[in-house]
Amino acid sequence: MELKEKLISSFMAFEEQIDVNSGLHDVRTAAIKNFETKGFPTKKEEAWKYTSLNAVLKHDFTVFPKHESAIEFKDVKKYFLHEIDTYKVIFIDGKYSSFLSQTTHDGLDVCLMSAALNKPKYKMVIDTYFNQIANKDETLTSLNTAFAAEGAYINIPKSKVVEKPIEIIYFSTGQENALMVQPRNLIVVGENAHVQIIERHQSLNENPVLTNTVTEVFALKRAIVDYYKIQNDLGSANLIDNTYIAQKQESRVSVHTFSFGGNVTRNNLNFYHQGERIDSTLKGITIIGDKQLVDHYTLVHHAQPNCESHQNYKCIVNDNATGVFNGKIYVEKEAQKTDAFQQNNNILLSDKAVINAKPQLEIFADDVKCSHGCTIGQLDESAMFYMQQRGIPKKEAKALLMYAFSNEVIESIKIPELKQRITKIIAQKLGVNLGFDL
Amino acid sequence: MLSIKNLHASVEDKDILKGINLEIKAGEVHAIMGPNGAGKSTLSSIIAGNENYEVSEGEILLDGEDISELAPEERAHKGVFLSFQYPVEIPGVSVTNFIKTAINEKRKANGEEEMPANEMLKKIREKSELLEMDRKFLSRSLNEGFSGGEKKRNEIFQMAMLEPKIAILDETDSGLDIDALRIVANGVNKLKNENNAVLVITHYQRLLDYIIPDFVHVLMDGKIVKSGGKELALELEEKGYDWIKSELN
Numbered sequence: 001m002e003l004k005e006k007l008i009s010s011f012m013a014f015e016e017q018i019d020v021n022s023g024l025h026d027v028r029t030a031a032i033k034n035f036e037t038k039g040f041p042t043k044k045e046e047a048w049k050y051t052s053l054n055a056v057l058k059h060d061f062t063v064f065p066k067h068e069s070a071i072e073f074k075d076v077k078k079y080f081l082h083e084i085d086t087y088k089v090i091f092i093d094g095k096y097s098s099f100l101s102q103t104t105h106d107g108l109d110v111c112l113m114s115a116a117l118n119k120p121k122y123k124m125v126i127d128t129y130f131n132q133i134a135n136k137d138e139t140l141t142s143l144n145t146a147f148a149a150e151g152a153y154i155n156i157p158k159s160k161v162v163e164k165p166i167e168i169i170y171f172s173t174g175q176e177n178a179l180m181v182q183p184r185n186l187i188v189v190g191e192n193a194h195v196q197i198i199e200r201h202q203s204l205n206e207n208p209v210l211t212n213t214v215t216e217v218f219a220l221k222r223a224i225v226d227y228y229k230i231q232n233d234l235g236s237a238n239l240i241d242n243t244y245i246a247q248k249q250e251s252r253v254s255v256h257t258f259s260f261g262g263n264v265t266r267n268n269l270n271f272y273h274q275g276e277r278i279d280s281t282l283k284g285i286t287i288i289g290d291k292q293l294v295d296h297y298t299l300v301h302h303a304q305p306n307c308e309s310h311q312n313y314k315c316i317v318n319d320n321a322t323g324v325f326n327g328k329i330y331v332e333k334e335a336q337k338t339d340a341f342q343q344n345n346n347i348l349l350s351d352k353a354v355i356n357a358k359p360q361l362e363i364f365a366d367d368v369k370c371s372h373g374c375t376i377g378q379l380d381e382s383a384m385f386y387m388q389q390r391g392i393p394k395k396e397a398k399a400l401l402m403y404a405f406s407n408e409v410i411e412s413i414k415i416p417e418l419k420q421r422i423t424k425i426i427a428q429k430l431g432v433n434l435g436f437d438l
Numbered sequence: 001m002l003s004i005k006n007l008h009a010s011v012e013d014k015d016i017l018k019g020i021n022l023e024i025k026a027g028e029v030h031a032i033m034g035p036n037g038a039g040k041s042t043l044s045s046i047i048a049g050n051e052n053y054e055v056s057e058g059e060i061l062l063d064g065e066d067i068s069e070l071a072p073e074e075r076a077h078k079g080v081f082l083s084f085q086y087p088v089e090i091p092g093v094s095v096t097n098f099i100k101t102a103i104n105e106k107r108k109a110n111g112e113e114e115m116p117a118n119e120m121l122k123k124i125r126e127k128s129e130l131l132e133m134d135r136k137f138l139s140r141s142l143n144e145g146f147s148g149g150e151k152k153r154n155e156i157f158q159m160a161m162l163e164p165k166i167a168i169l170d171e172t173d174s175g176l177d178i179d180a181l182r183i184v185a186n187g188v189n190k191l192k193n194e195n196n197a198v199l200v201i202t203h204y205q206r207l208l209d210y211i212i213p214d215f216v217h218v219l220m221d222g223k224i225v226k227s228g229g230k231e232l233a234l235e236l237e238e239k240g241y242d243w244i245k246s247e248l249n
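Residue numbers (my numbering), protein chains in the order written: chain A, 1 to 438; chain B, 1 to 249.
One or more of the hints may lead you astray.
Between beta-carbon pairs, the in silico distance windows are [to be verified]:
| no. | chain 1 | residue 1 | chain 2 | residue 2 | range |
| --- | --- | --- | --- | --- | --- |
| 1 | B | K108 | A | F73 | 35 to 45 Å |
| 2 | A | G377 | B | D179 | 30 to 40 Å |
| 3 | A | K395 | B | W243 | 48 to 58 Å |
| 4 | A | L379 | B | G27 | 52 to 62 Å |
In the EDC-like style, the derived pairs of lysine to aspartate or glutamate whose C-alpha atoms are separated by at most 20 Å in a straight line are [said to hold, decoys possible]:
| no. | chain 1 | residue 1 | chain 2 | residue 2 |
| --- | --- | --- | --- | --- |
| 5 | B | K136 | A | E381 |
| 6 | A | K395 | B | E51 |
| 7 | A | K395 | A | E381 |
| 8 | A | K394 | B | E89 |
| 9 | A | K394 | B | E69 |
| 10 | A | K77 | B | D221 |
| 11 | A | K395 | B | E89 |
| 12 | A | K78 | A | E381 |
| 13 | A | K394 | B | D63 |
| 14 | A | K395 | B | E69 |
| 15 | A | K394 | B | E51 |
| 16 | A | K419 | A | D109 |
| 17 | A | K328 | A | D351 |
| 18 | A | K394 | A | E308 |
| 19 | B | K18 | B | E89 |
| 20 | B | K192 | B | D63 |
| 21 | A | K395 | B | D63 |
I should point out that these hints are in silico values taken from the structure, not numbers from a laboratory.
Note that the coordinates shown come from a computational prediction; the quantities given were computed from them, not determined experimentally.
Cβ coordinates follow ideal geometry from the N, Cα and C atoms, glycine included.
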């Protein structure tokens, strides 16, 4: 049975299993209908013209895992930011792991979506925010909404500065031959509140995984949100990340996406402005090889005056890999004095590597500053020669150059331990040991 | 020490060096002067191993060993140093980390242990003082946002750290004010000894007031057309390169 049919036919069983009387029933039903009509996106659609899911969808994915799996902390410690204390919301094959998690209700809520969806005390927040900013027309988002049951639920009250980062990690164990999971995260950050979040998806063996995740983030007035996505999964893992961010007046939200691993990775990152003097930052580093594909599809929707957005994506592609950047900036007529900036730099390391870059600026206001720049090039030969002349061998010189190329993005990571971790992953990815932590 | 014999080189089928002969002994300072486009920078690049140039004939011997087939880093490990006219910026890699890597790669290639951290620090302190470099400078990203003078000073700092057998200074005086020129030249002079040699590539005589050459060679149209002592540099400064041209005709 094709995956689409399998998902649709399992929907009723899924709904019965949770609670048919839940207020979300109508939301889910509408969502599955949208998915049923549209199905999985194909390259015929403009938004997916560079990225095909065909090969991925051929696997016989299990939609609901039969076994519960446990993993030992020592076996997965390296995927945590274990050098510092963090809140942790951890899932194994889509199921919550209380053993690995460290949640809280003490002054803020860092817990489970399933609890939030089912317990009356969260009803108001769920009614106000759940599925409010996620695009109801988008087929994969709808698919996720239809099956939304588990994920991270984070609610930071007004003026709360969360003193430690929150890690959200989804492990897949490979107990199933092929597994599809659909995490759903909801993050509400109150007025003047400040939070740092790290999200990661990690397979623990080579069985194929398809993750279709939806995250909604609401940053209220003057809230500050720093969101980091680490995508360094095994070559058998596929990720479709749909992130929707709604920002109120004077809020500042940054999303850094580090894409090094995985087979097919698609990042749909959407920012919606709902107030003035908002600041949005979207940055990414992609370093890929083999037949990997990483597709960044960003949207910043400027709807109010005096807001800024900064996009900076760096991409290094080797072997037969493909990097895609499609960045859309939409400036509504009301959004005067918008300052929108977009930069996308790419390096091709092999003749067969592919970069598809497509900036899209739609501007309806007449007093704005919008700029975009895109470069595609090879490693600078004169810089290589300079380093080799100082005795640094080719491989290490290349690594240093790639690090230098990514540096602008690395520099803006605000958690020092995470910065160190990312540079370590980069050094590992580049296969070098330079005698100092890159 | 460095012996260049009948060196011919081209880039994209254009002949640039047309039979260079040059013999530099330990303890000597040589200067190569010449007009723009004579092939001065090409020569220094080729000695250092830049793969953009095709060596069609001749050989480059370092202490009797032909190095003309070696990769740039292998030549560096054997003691060739080139101070670049346009040093490259490497954001995110500090001056200290870069030189540490360079030193330890050289040691590794020569079968030595990595330099102990305290020895490294001591050496960095000593050499940075020699070049009158501020401590803060050492933690800045390599060449990023450096002024022309800072870049050149940093080149000579790296030379001091790496202690090459043969140091080639390619247009090191360009973009330097007189103070920076004095500091850089002073650094080079202090590093100079019986066992190493310096090759200064320059368009102007100015640097040679500070780094006094034993020999001056004039490179024109890919060939060394005249050699002499330090007084030749002064003569060139006074009469210009056209004088040599007319002398040749």
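Verification of the supplied hints:
| no. | hint | result |
| --- | --- | --- |
| 1 | B:K108 <-> A:F73: 35 to 45 Å | holds (37 Å) |
| 2 | A:G377 <-> B:D179: 30 to 40 Å | holds (37 Å) |
| 3 | A:K395 <-> B:W243: 48 to 58 Å | holds (49 Å) |
| 4 | A:L379 <-> B:G27: 52 to 62 Å | violated (39 Å) |
| 5 | B:K136 <-> A:E381 | violated (29 Å) |
| 6 | A:K395 <-> B:E51 | holds (16 Å) |
| 7 | A:K395 <-> A:E381 | holds (13 Å) |
| 8 | A:K394 <-> B:E89 | holds (17 Å) |
| 9 | A:K394 <-> B:E69 | holds (16 Å) |
| 10 | A:K77 <-> B:D221 | violated (65 Å) |
| 11 | A:K395 <-> B:E89 | holds (18 Å) |
| 12 | A:K78 <-> A:E381 | violated (36 Å) |
| 13 | A:K394 <-> B:D63 | violated (25 Å) |
| 14 | A:K395 <-> B:E69 | holds (19 Å) |
| 15 | A:K394 <-> B:E51 | holds (12 Å) |
| 16 | A:K419 <-> A:D109 | violated (26 Å) |
| 17 | A:K328 <-> A:D351 | violated (28 Å) |
| 18 | A:K394 <-> A:E308 | violated (40 Å) |
| 19 | B:K18 <-> B:E89 | violated (33 Å) |
| 20 | B:K192 <-> B:D63 | holds (18 Å) |
| 21 | A:K395 <-> B:D63 | violated (28 Å) |
Violated hints, in rising order: 4, 5, 10, 12, 13, 16, 17, 18, 19, 21; the structure is consistent with all others.
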